[in-house]
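Protein chains: 2
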Amino acid sequence: MPDHVTVAVDAGGADLGPAEVAAGAAIAAERGVRVLLFGDASRIDSVPAGVEVVDAPLSIAKEADPARAVRGNPESSIVQAVRAVADGRADAFVSGGSTGAALAAGLFTLKRGRGIHRPALALPIPVPGAPVTLLDVGANVEVRDDHLVQFAFMGAAFAQTVLGVERPRVALLSNGEEPTKGTETVVAAHAEIARRAQGSPLFEFVGNVEGTDLVTGAADVVVTDGFTGNVALKLVEGVSQMMIGAIRDVATSTPRAKAGGLLLRPALRGFRDEIDPEGPGGAYLLGLRRLGVVPHGRFTRFGFSQAILLAARGVSGDVVGRTHGALQTAGALRARPGAAGGESPQRAGSSGDDSAPSDSSSTVSAP
Amino acid sequence: MPDHVTVAVDAGGADLGPAEVAAGAAIAAERGVRVLLFGDASRIDSVPAGVEVVDAPLSIAKEADPARAVRGNPESSIVQAVRAVADGRADAFVSGGSTGAALAAGLFTLKRGRGIHRPALALPIPVPGAPVTLLDVGANVEVRDDHLVQFAFMGAAFAQTVLGVERPRVALLSNGEEPTKGTETVVAAHAEIARRAQGSPLFEFVGNVEGTDLVTGAADVVVTDGFTGNVALKLVEGVSQMMIGAIRDVATSTPRAKAGGLLLRPALRGFRDEIDPEGPGGAYLLGLRRLGVVPHGRFTRFGFSQAILLAARGVSGDVVGRTHGALQTAGALRARPGAAGGESPQRAGSSGDDSAPSDSSSTVSAP
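So the protein sequences, as listed, match chains A and B. Counting with the UniProt record's numbering, you get residues 1 to 367 for the letters of the first sequence. Counting with the UniProt record's numbering, you get residues 1 to 367 for the letters of the second sequence.
The set of hints was computed from the structure by calculation and includes no laboratory data. Honestly, I wouldn't trust all of these hints.
Which copy is meant is left open, because identical chains are indistinguishable; a pair holds if it fits in one copy or across any two.
Result set (EDC-like, lysine to aspartate or glutamate): computed pairs, CA atoms no more than 20 Å apart in a straight line [stated by the list, open to error]:
1. 181 with 55
2. 181 with 142
3. 181 with 87
4. 258 with 204
5. 181 with 65
6. 181 with 274
7. 62 with 178
8. 62 with 40
9. 62 with 15
10. 181 with 40
11. 181 with 45
12. 62 with 177
13. 181 with 192
14. 62 with 237
15. 62 with 192
16. 181 with 146
17. 62 with 75
18. 62 with 184
19. 181 with 63
Chain A with its partners taken away, still in its complex shape:
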């Protein structure tokens, strides 16, 4: 387990309230992670050992315009948690509930890693026997080919340091396996990833995979744009739920089926654990100067503890540094600070000092 790692946790967006998040923090603290918890202190009865609570009753997790909410509310729990990381008081942040707010706070306050075009949201999908990390699942609706190239390196460094996959197999999502299949952007990204991954100790590029292969163990990391990734992610969740519901209906349809369902139930429990979305801890925000994790707002203490523990593992394994190092070796870092256009959220956050060192100790407060 990681030593001397501090994780800043925003308890503002959790459906079950800050006390449940504190209980999750307690589990992580027992395993040696220090936790700085930002939330409504009046709703947390007992503060667990190893956890420091900072009173931050204002939550912006339900705001419709996250970027605006982040800028306008520097005292909110998410902005305070992210600022703790920017200040060096913590090494990574965990924020339950609003991915948009976490993304905006991360961009404005922590900023992109040096040479990174765009941060991406990576979600480890719990598939029985063949877990797969999909990115981007929604941070960038439109991407360029060089964005997808960086996502491949970011996803690989994440799978290696956080999920413990020694040399991840990375694939590109497309409508066919041939390198010529896909949109112009996908075809160009395929060629670029193949070229830059050659001889990479970080990952193996296994080429294009189709939708089917997302759940067949064909790859450890699957790269796509945030539009397709978001549709794919929600489809996996939807179809899984639909199948579980349909089989539940079948298992209560006749007395005979009911008896069968009862006999099956204990064996099904292991399967349900394998596909539990709380296991991987949530969506990971990659490409910032520090790691961020966004558990789903409905998660229990278990999901929050996983998010904190896996964030700490990402810090210990230096996912940010490894991503940067691998991109540098492959020559895939953004060369000129002003080269990439249309990245207004980043620019709006603060002046675009892409050439600044990958070091979060310089405080950047939200305007």
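For this one, chain A is given, so just place chain B on it according to the hints.
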């Protein structure tokens, strides 16, 4: 059941051979559909009543470059079947196995409907209790907003005439329900569909849906580009198979679970029938001057009979005419023949006479 409808069937690409396709044709013929069957006559022992077999032993279903194969092999079973429709000897075509060859043959020989930008592949996904037609599932990897607008009308006319949905609810696939969510193309298409669908007797536009909603009955028709649609379709198939496999594994994991599985089996049969991909008959090629259907190559006689029967229903219900009429009323037909760029497959097929009447009697042979 449809009267006096003739369907041209290409038996070339079927995994189980032309005799299985002929058996499917026999089922359709018993229900009053005339079938012109193109395939290797030496492999069909007995010709069923109502079915005429035309010997066409050459199949191009396994060719890597379908467009080239279609152009170079006018005697192949698929090109002959499509030409029968172009000549007026048949009203629709069914071709098992190669979607690419069917698309190329349809474009070159039948051509696009008048005012249609691009044909699209529509697949009725068999979801228990909430079947949904997804289009495009792969004909157009990149689309413009006005393509998506036409897909909405094409999908609605299809759901109405072929699937019998009185006033289909049509949705646009995106990464969020708000009209502002999605790529620039999706946002523009949303506004256009909303405007043109107002007061349409053909369908109701229910706005954006997310990946989850593809299987929750939120819409009867879901519109997307061919890249996202292809990924989504294969993901639905992949996740369904994965879940069925995982539950089968669970149901054989312990003696107790085995007993439960045996008791459940009869009740599961109905569920399996509901999600049987052979039920809807395959993928439908919309936007040509006549209807085409592509059953999966692995389908049995049941799937082929469904494809033929549903194609005949599309003819009786005039899916092509209804699509054209609805697009005309909505002002969504392609205005100037030369306005849309980059449509080389269509242009390569023959001269671009987009202003010609929507009438397949003018023979256009593949070059």
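If you check each hint against the structure, which ones fail? Hints 1, 3, 4, 6, 10, 11, 14, 15 and 18 contradicted; others consistent.
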